[in-house]
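Protein chains in written order, with numbering that gives the first Met the number 0: chain A, 0 to 300; chain B, 0 to 300.
Relax, there's no trap hidden among the hints.
One-sided excerpt, in silico: chain A residues whose CB lies under 7 Å from chain B:
1. D125
2. K151
3. M177
4. A182
Far from chain B by the CB rule (all over 12 Å, computed), these chain A residues:
5. A20
6. S26
7. I190
8. I235
9. G236
10. E270
These are calculated hints, taken from the structure and not from any lab test.
Cβ coordinates follow ideal geometry from the N, Cα and C atoms, glycine included.
If you want the building blocks of each chain, they are given just below.
There are 2 protein chains.
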Amino acid sequence: MTEPTAHPAGTAPGTAGPAAAPPVVVSTPEELSALRPSLGRIALVPTMGALHSGHRRLIAAARADADSVIVSIFVNPLQFGPGEDYQRYPRDLDADVAACAAEGVDVVFAPTVEVMYPGEQLVSVDPGPMGQVLEGEFRPGFFAGVLTVVAKLFHLVRPDTALFGQKDAQQLAVIRRMVRDLAFGITVLSIPTVRDPDGLATSSRNAYLSAEERTSALALSRALLAGADASVTGPIGILTAARAVLAEAEAATPPVAVDYLALVDPGTFGEVTGEYRGEAVLAVAARVGATRLIDNVPLTL
Amino acid sequence: MTEPTAHPAGTAPGTAGPAAAPPVVVSTPEELSALRPSLGRIALVPTMGALHSGHRRLIAAARADADSVIVSIFVNPLQFGPGEDYQRYPRDLDADVAACAAEGVDVVFAPTVEVMYPGEQLVSVDPGPMGQVLEGEFRPGFFAGVLTVVAKLFHLVRPDTALFGQKDAQQLAVIRRMVRDLAFGITVLSIPTVRDPDGLATSSRNAYLSAEERTSALALSRALLAGADASVTGPIGILTAARAVLAEAEAATPPVAVDYLALVDPGTFGEVTGEYRGEAVLAVAARVGATRLIDNVPLTL
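Just need the whole structure built from these sequences, with the hints factored in.
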């Protein structure tokens with residue numbers, strides 16, 4: 000990905016350059032509509048808030064390709080299943096707006112649940128077969144919830160481009176497919192997964208981890224790295240190498256409970272076989288304590 | 000079918016007004032995009048072609064509320080089930096363009112199947128429970144097919160308003176719900192059902208009927224009229240009056256085979272009971288020979 004060193008206001012993100020104007024914070028479609036004519040080419044970064052360095056890199060990439068950057072902050076109830084962490088998902092709008100200000104975001108769109116779902120949501124976006132596997136198998140309804148809220152955000156914001164992290168690789172693939180299949184006319188961009196120095200992929204849910212859990216969780220990125228290192232050996236070799244790391248972690252304290260490890264076509268999220276040649280994604284999902292984590296690396300076969 | 004007497008250099012429909020410019024006929028999203036900036040406020044009339052007087056009334060209504068009228072003409076394979084009339088559905092682009100010219104349409108968007116469905120359609124719009132009843136029960140997948148193509152047309156055309164006939168009342172209701180639930184920001188307008196002098200609701204499928212079948216088919220509008228006449232008697236009285244007319248038609252030659260007769264809330268298409276007060280729709284579907292027909296009337300309870 001491009002280094003986000005240059006941008007309209009002249010300062011690099013996260014540096015102590017001249018202060019950018021703080022973002023305009025709006026919460027209704029009407030306020031958004033009123034702003035739109037002044038915004039030029041819009042890049043949208045949809046988020047659930049709890050902004051971390053991954054989001055900040057996304058925002059920096061968004062600035063490179065648009066006149067204005069809009070960050071949406073909305074913890075979307077539709078994409079949480081029963082028993083998932085909707086209630087305890089971290090929410091801190093002031094901190095998020097401050098992070099957006101530091102990145103030169105122009106508009107923060109932070110609607111309430113009542114604004115996004117004013118009545119019963121009867122019509123939704125159906126992700127089809129790509130939404131049934133891997134994350135879709137372990138989180139039924141998740142991708143329908145994601146696509147429905149992203150479609151609504153696209154309609155409300157009307158961006159030219161929208162940015163999503165490679166960290167949520169299946170989400171990115173399903174959103175790309177929605178944009179294509181429903182002819183949204185929006186360019187979807189992504190950036191590589193941002194990792195902490197210890198290798199853990201940045202995620203708002205990392206805040207749930209105790210120090211011991213975090214140590215166990217590092218097995219995810221280690222397993223993916225082991226798989227990537229074995230990429231010349233083909234799918235079976237890749238999966239075997241990654242599984243060996245995960246098997247150790249399943250026996251660790253606290254243990255890592257693996258939901259899946261899969262090597263997939265990044266366009267369809269179908270699992271690839273020994274015959275496959277081209278770009279692939281090695282994806283893993285696991286629970287550590289009460290926290291569910293996902294991670295992936297791109298590979299070339 | 001309308002007589003295509005008017006033509007690109009011709010006169011306004013049924014009047015001797017000044018000649019309108021013929022519509023620009025385009026078949027790709029790129030051509031549409033190139034035209035858009037010059038069109039001002041756009042009203043879209045989505046059709047499957049085979050334009051009749053009902054469509055012409057829709058187009059006339061569209062003109063009243065926009066700078067430009069775009070008529071889309073696309074026989075959407077996604078909304079036809081196996082064994083339905085996709086192959087034999089009437090197609091005559093020249094006649095349709097002539098009808099559009101006569102109505103002062105600015106742009107005809109007539110894409111091919113390859114343009115609308117360039118790859119496998121994996122992501123679609125799910126109509127939810129409103130799409131499972133009545134037409135949705137007899138035509139599984141119909142409303143998903145309708146909503147998916149309408150969503151794509153909305154994205155490609157980006158209209159300010161879109162017009163659909165009251166004749167397809169459930170389709171209208173499901174589209175209105177999609178526009179609301181997915182926040183399309185498009186105003187959906189409708190016009191009352193246009194009827195031939197004998198009472199038959201105008202429909203492209205009427206062309207399939209033999210003279211004898213058409214005579215039998217008139218029972219649909221007669222039944223609805225009988226129901227409407229009994230509206231003060233409440234739901235049971237309305238349905239009883241309409242069923243009496245249909246029962247006779249079921250014994251006629253050729254017979255009318257009723258799929259359903261239902262009194263529903265026009266917003267949800269849930270059946271209404273004796274307690275219900277407000278706007279309602281009395282809807283009927285039936286087959287006459289190989290032709291399936293639908294009709295409805297609005298009522299106030």
